[in-house]
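Sequence order for the protein chains is F and Z.
Numbered according to UniProt numbering, the first sequence spans residues 1 to 421.
Numbered according to UniProt numbering, the second sequence spans residues 1 to 421.
I should point out that these hints are in silico values taken from the structure, not numbers from a laboratory.
Certain hints may be false.
Any copy, or any two copies together, can satisfy a pair, since identical chains are not distinguished.
Think about it this way: if two alpha-carbon atoms lie no more than 30 Å apart in a straight line, the pair counts; the simulated BS3-like pairs of lysine-lysine are [as the list claims (entries may be wrong)]: (1) 212 <-> 71; (2) 43 <-> 168; (3) 222 <-> 212; (4) 421 <-> 222; (5) 222 <-> 321; (6) 227 <-> 5; (7) 230 <-> 168; (8) 5 <-> 222; (9) 321 <-> 230; (10) 80 <-> 222; (11) 244 <-> 212; (12) 230 <-> 212; (13) 335 <-> 272; (14) 43 <-> 230; (15) 421 <-> 328; (16) 115 <-> 300; (17) 227 <-> 105.
The chain contents come next:
Protein chains: 2
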Amino acid sequence: MNTLKTIITKQAQAAKNTLPELRRLNTDTKNQALHAMADILIKHSEEILTANAQDLTDLPHTRPNANQALKNRLILTKEKITAIAASLRAIAALPDPVGEILGLKTRPNGLRIGKMRTPMGVLCCIYESRPNVTADIAGLALKSGNACILRGGRESIHSNTTIARILKQAIQNTGVNPDYLQMIEQTGREGVTILAQLDQYIDLIIPRGGEKLIDVVSQHAKMPVLKHRKGICHLYADADANHKKAIDIIVNAKAQNPSTCNSLEKALIHEKIADTLLPELVRALTQANVEVRGCERTQKITPSVTPATDADWSTEYLDLKITLKIVKNFDEAVKHIEKYGTGLADGIITENYTTAGAFLQTIDSANVFVNASTRFADGFEYGLGAEVGISTAKIHGRGPMGLEDLTVTKYIVLGNGQTRK
Amino acid sequence: MNTLKTIITKQAQAAKNTLPELRRLNTDTKNQALHAMADILIKHSEEILTANAQDLTDLPHTRPNANQALKNRLILTKEKITAIAASLRAIAALPDPVGEILGLKTRPNGLRIGKMRTPMGVLCCIYESRPNVTADIAGLALKSGNACILRGGRESIHSNTTIARILKQAIQNTGVNPDYLQMIEQTGREGVTILAQLDQYIDLIIPRGGEKLIDVVSQHAKMPVLKHRKGICHLYADADANHKKAIDIIVNAKAQNPSTCNSLEKALIHEKIADTLLPELVRALTQANVEVRGCERTQKITPSVTPATDADWSTEYLDLKITLKIVKNFDEAVKHIEKYGTGLADGIITENYTTAGAFLQTIDSANVFVNASTRFADGFEYGLGAEVGISTAKIHGRGPMGLEDLTVTKYIVLGNGQTRK
């Protein structure tokens, strides 16, 4: 066994060893630890900013092709550290999911049977650039009674290791075993493949990053992987859409932060409202600096749009670009989303009760919207405090993974001496 | 592409193509189809029994080492077919999980956000001997809006294909596309590895059978696998146990059907009650034809027990054998279960409220019992109508997988024009 594998295996073992203690922690103890973590981040913010400055200095070496967006995600400020601490306090304020009992029912023989939420075990999160993820996941894991192994990117190694070290220091006297949090300090790709094979210790692996990272993890992982790939998000403006809402929502979903996975990439317009909606929509998008492409029918109504090619329907721009399509009806919109959507976030704009209900039932995406911007598909916006990632897997819970989705249910059976006949 | 792969891939594709229709089926349509399936099984029971007789005739060739237990599982009777039909009607009578909305809450900006249950997609179940599984899974899949691919064992191929053909015939005029149900007629191991790699079409694979089958599926599967391996089930008779309940429950859990995964394998006895409980317990077990083994301390109190070896603690007997151990306290019992348990079903016998609560919180098993026999760990006993299998995975829902665990939640976001700031 080589040295790297030995180090990482020992860390994974240490994380797993804390599970019996973690399952038994009471909520007060966990919340006190979360507040201690928030306090220490504020108290040591100079130290964190110094480490972050080092990461920024090293950036030309660690990520020679880093763009401004990556730099924005990497950089920390006093304000950002305050926000990270606030997020930990928000997690403390949320109800503890562990021990919640669901659907307890009495059977004819008097057995009471229900499901109880329990921690999953050891989570491993592999992520890039944003150092706030370190504290977010440490906080969510603790509150949900899970151990966590964190492996950030090489571009944020100083920030991440400093934050993790300080957080572990904060909980030393709170009754929480600091070993529950393990930061992998080796940022080479080899570490990722080692982690992916430690199914003896790791129960769930969550890659958050580019498609290459997700491919490497999925290919090697021996444990379940929760992830999402591309976010080709759609909004469908139905025949009964309110035009002002349609324009506001489409422009917001596209332009408010186009580099995020939940930003809009395609809008589908019902043919009945295309003549009146399109000119105004294209004008509003153009004013927001969005490059607008369109299908043939769109081009006829608003000739200023760039003709769309086949490739446009399956391209995630992550940029100020959008493609519009006129559809004949609800069914054509649904079929288009089923064909080109990636199951992350899709929505409808309509005032029609029945159409809205049919869309909610039919669309098989992790987040389905009615009359709201897809940009809300986010753990913090959902009131989850934070998220460890967004899942579009077909099992477990889909969407932003907060406290609840970091637990699993077990059956509990409460008897009075019952035996089986 | 060889012929077998072509055939199986086409079946998987056909199953997947029915998903958009399945998601939109209303509950009445699904229930009518389930009743039509139950009716036709009764009507065609002679045909099914003839096919089953063929399987029994072929058994010396298909399973030269078949024991009586396998034969019992394989054999069908009029009564068993009536029970299969009743199970389909029971599934029809259960609430439809699809579309259920959980935890809908209003955010400060007026967005209403909750989770909606939606079908998982295409399930693939690989199982052995029991032909009733064919109808159980066909029924559970339909009610939960999933397509299913079934691959039974070679020893039950005539029974399985006959049942599947008849069920598909039953739903031809009910509005359910019969393609949702695909029976794989090739029972070689090669078919299993082909299925395990069709992650393009199959969302979840469930192996139900021996460890070899589970190993093959786990090794090759590109999609999530839900399964359980061994069932080393424990009951812990606490210091505050009612002795009569302890004896009744331990004897029932061990002897009522020892060949099942939820039957008891080890009993842990608190030292405070060992002197009084053990003699009576050993007598009751012996009367039930159970071979009793015991730790050193057990041997001192009841010298008739066979001395236990280290191997006993990690052996699943699936037979009329049990091993008893005296423990010092709750913590030792929990540690023993954490070390040797397989996470399937473990329970406590106690009249103490606090101890019962601590056991429920601490034990990380798919089914945790208080004062009841572990033999109840079963979908039918839980009121789920039937089960597609029992999962001890760390994600999704653990325990017997019924309708609810064949769905996944998606977030729904109901707005009124909200945009993100």
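Hint check results:
1. Proximity of residue 212 and residue 71 under a CA criterion of 30 Å is satisfied intra-copy only: 20 Å inside one chain copy versus 50 Å between copies.
2. For the homomeric pair residue 43 and residue 168, the shortest alpha-carbon distance inside one copy (14 Å) is at most 30 Å, but the shortest distance between copies (67 Å) is not.
3. Taking the closest pair of Cα atoms, residue 222 and residue 212 come within 30 Å of each other both inside a single copy (18 Å) and across two copies (18 Å).
4. For a Cα distance limit of 30 Å, the shortest separation of residue 421 from residue 222 qualifies neither inside one copy, at 40 Å, nor across copies, at 40 Å.
5. In this assembly of identical chains, residue 222 and residue 321 lie within 30 Å of each other by CA distance neither inside one copy nor across copies; the values are 38 Å within and 35 Å between.
6. Both within a single protomer and between protomers do residue 227 and residue 5 lie at most 30 Å apart by alpha-carbon distance, with minima of 24 Å and 29 Å respectively.
7. In this assembly of identical chains, residue 230 and residue 168 lie within 30 Å of each other by CA distance neither inside one copy nor across copies; the values are 34 Å within and 37 Å between.
8. Proximity of residue 5 and residue 222 under a CA criterion of 30 Å is satisfied in both settings, with 16 Å inside one chain copy and 25 Å between copies.
9. For the homomeric pair residue 321 and residue 230, the shortest alpha-carbon distance inside one copy (16 Å) is at most 30 Å, but the shortest distance between copies (54 Å) is not.
10. For the homomeric pair residue 80 and residue 222, neither the shortest alpha-carbon distance inside one copy (36 Å) nor that between copies (40 Å) is at most 30 Å.
11. With identical chains, the CA atoms of residue 244 and residue 212 are never at most 30 Å apart, being 40 Å at best within one copy and 61 Å at best between copies.
12. Taking the closest pair of Cα atoms, residue 230 and residue 212 come within 30 Å of each other only inside a single copy of the chain (12 Å); across copies the shortest separation is 37 Å, beyond that limit.
13. Only within a single protomer do residue 335 and residue 272 lie at most 30 Å apart by alpha-carbon distance; the minimum there is 18 Å, versus 67 Å between protomers.
14. Taking the shortest alpha-carbon separations for residue 43 and residue 230, neither the intra-copy value of 38 Å nor the inter-copy value of 50 Å comes in at or below 30 Å.
15. In this homomeric assembly, residue 421 and residue 328 never come within 30 Å of each other (Cα to Cα): the closest approach is 60 Å inside a single copy and 33 Å across copies.
16. Taking CA atoms no more than 30 Å apart as the test, residue 115 paired with residue 300 passes in neither setting, with 57 Å inside one copy and 40 Å between copies.
17. Taking the shortest Cα distances, residue 227 and residue 105 sit within 30 Å of each other only across copies (25 Å), while inside one copy they are farther apart (34 Å).
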